[in-house]
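K.L.:
Residue numbers (numbering that gives the first Met the number 0), protein chains in the order written: chain A, 0 to 181; chain B, 0 to 131.
Keep in mind that the hints were calculated from the coordinates and are not lab data.
Cβ atoms here follow ideal geometry from the backbone N, Cα and C, with glycine treated the same way.
One thing to keep in mind: the hints can contain errors.
Think about it this way: if two alpha-carbon atoms lie no more than 20 Å apart in a straight line, the pair counts; the simulated EDC-like pairs of lysine to aspartate or glutamate are [unchecked claim]:
(1) B:K10 x A:E172
(2) B:K11 x A:E161
(3) B:K10 x A:E168
These stretches of chain A come out as covered by chain B in the derived footprint (C-beta under 8 Å, 3 or more residues) [unchecked claim]:
(4) 68-82
(5) 148-156
(6) 160-166
Given next are the chains, with one letter for each unit.
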Amino acid sequence: MKDLSLHILDIVQNSIRARSSLIEIEIEEKPEQNRLVITISDNGSGMTPEQLKRAIDPFYTSRSTRKVGLGLPLLKQNAEMTGGSFRIESETGKGTTVEAVFGLNHIDRPVMGDLVGTLLILICSQEETNYVFKHQTPSGEFELDTRVIKQTLENVKITQPEVRSFLKEILQENLEQIQISE
Amino acid sequence: MNKIKSLADLKKLQAEVQSKIKLREKGDHPENLVQIKVSMATCGIASGAKETMNYLIEELEHQGIDALVTQTGCMGYCYAEPTIELTIPGQDPVVYGFVNKAKAQEIIDKHIKLNEMLDGIIPITYITIDNR
Numbered sequence: 000m001k002d003l004s005l006h007i008l009d010i011v012q013n014s015i016r017a018r019s020s021l022i023e024i025e026i027e028e029k030p031e032q033n034r035l036v037i038t039i040s041d042n043g044s045g046m047t048p049e050q051l052k053r054a055i056d057p058f059y060t061s062r063s064t065r066k067v068g069l070g071l072p073l074l075k076q077n078a079e080m081t082g083g084s085f086r087i088e089s090e091t092g093k094g095t096t097v098e099a100v101f102g103l104n105h106i107d108r109p110v111m112g113d114l115v116g117t118l119l120i121l122i123c124s125q126e127e128t129n130y131v132f133k134h135q136t137p138s139g140e141f142e143l144d145t146r147v148i149k150q151t152l153e154n155v156k157i158t159q160p161e162v163r164s165f166l167k168e169i170l171q172e173n174l175e176q177i178q179i180s181e
Numbered sequence: 000m001n002k003i004k005s006l007a008d009l010k011k012l013q014a015e016v017q018s019k020i021k022l023r024e025k026g027d028h029p030e031n032l033v034q035i036k037v038s039m040a041t042c043g044i045a046s047g048a049k050e051t052m053n054y055l056i057e058e059l060e061h062q063g064i065d066a067l068v069t070q071t072g073c074m075g076y077c078y079a080e081p082t083i084e085l086t087i088p089g090q091d092p093v094v095y096g097f098v099n100k101a102k103a104q105e106i107i108d109k110h111i112k113l114n115e116m117l118d119g120i121i122p123i124t125y126i127t128i129d130n131r
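Okay, chain A solo, but in the shape it has when bound:
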């Protein structure tokens, strides 16, 4: 993966496949600890202890279309390469939480990339899934809850192009405000 936003997009696809109705994406940038933490948690079907053990095995996947499953292993490798850590917890019927810690200033840390594009794809293409996105940096905090947005939209669908451009603007503005130099 070229950047962190692609990792996020990739891991959230697992949550979508687990039929989650709510997916939380949290990004915390902590320069004073030299850490960047990405946490993705869902309320999907979860994994059995056996599946969980094999989840970070690149040659394990729950798909039948191919024989490898690289999403989690790649994220783990990238996180650990920057002096960080990787953690995954899951329980059948309750959901899954993935946490990746990166060394914020480490030379091998991928850049954040096009986070707005990632969020738009997730938020505006799945009517039935809800997202809570939180981004924290020393300059501020941004939170977006699609349940609130859908409530305001009433019978207008979040997949409408007009809504998409509106959300794009909001995301861009707010993320710019709390951005710290990369």
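Once you've looked at the hints, dock chain B against the given chain A.
P.N.:
Chain B alone, transformed into the frame defined by chain A:
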């Protein structure tokens, strides 16, 4: 943060869009729309499916073509990512491989607008991901 203000703006937008939707009722029937599914698993994402998808959404909107662009899982054509499944109303779905921005543009110009099939369709006895 100006969160409250944004929500008020959103409400305004909601009213606008709603009145527009009433004018074009066919938007409620997805089977009358061009449907595109972008394969969005690890293999697709690593090959640039995100750029392809955002490009398709923005270009179709820009050209005023009513289409439904959604994401789907791995179709098993990892070697040919990014792949998209294109369904023109009333026709069988076709799968295109190696769809970068240029190919996406070509697909919009030729296949969607003129109904001419292009090179790069993944043949074999393809079954849609839903039936797998």
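K.L.:
Now tell me, hint by hint, if it's right for this structure.
P.N.:
Each hint tested on the structure:
The hinted pair formed by K10 of chain B and E172 of chain A meets the criterion: a straight-line CA distance of about 18 Å does not exceed 20 Å. Between K11 of chain B and E161 of chain A, the direct Cα distance comes to roughly 12 Å. Compliance with the 20 Å bound is thereby established for this hinted pair. At most 20 Å may separate the alpha-carbon atoms for a hinted pair to count; K10 of chain B and E168 of chain A meet this at roughly 15 Å. Given a C-beta distance limit of less than 8 Å, the hint that chain B covers the stretch 68-82 of chain A holds, as 4 residues qualify and 3 suffice.
Interface restraint, the stretch 148-156 of chain A with chain B: holds (6 residues with C-beta to C-beta distance below 8 Å; minimum three). With a threshold of 8 Å between beta carbons, the proposed coverage of the stretch 160-166 of chain A by chain B holds, since 5 of its residues qualify and at least three are required.
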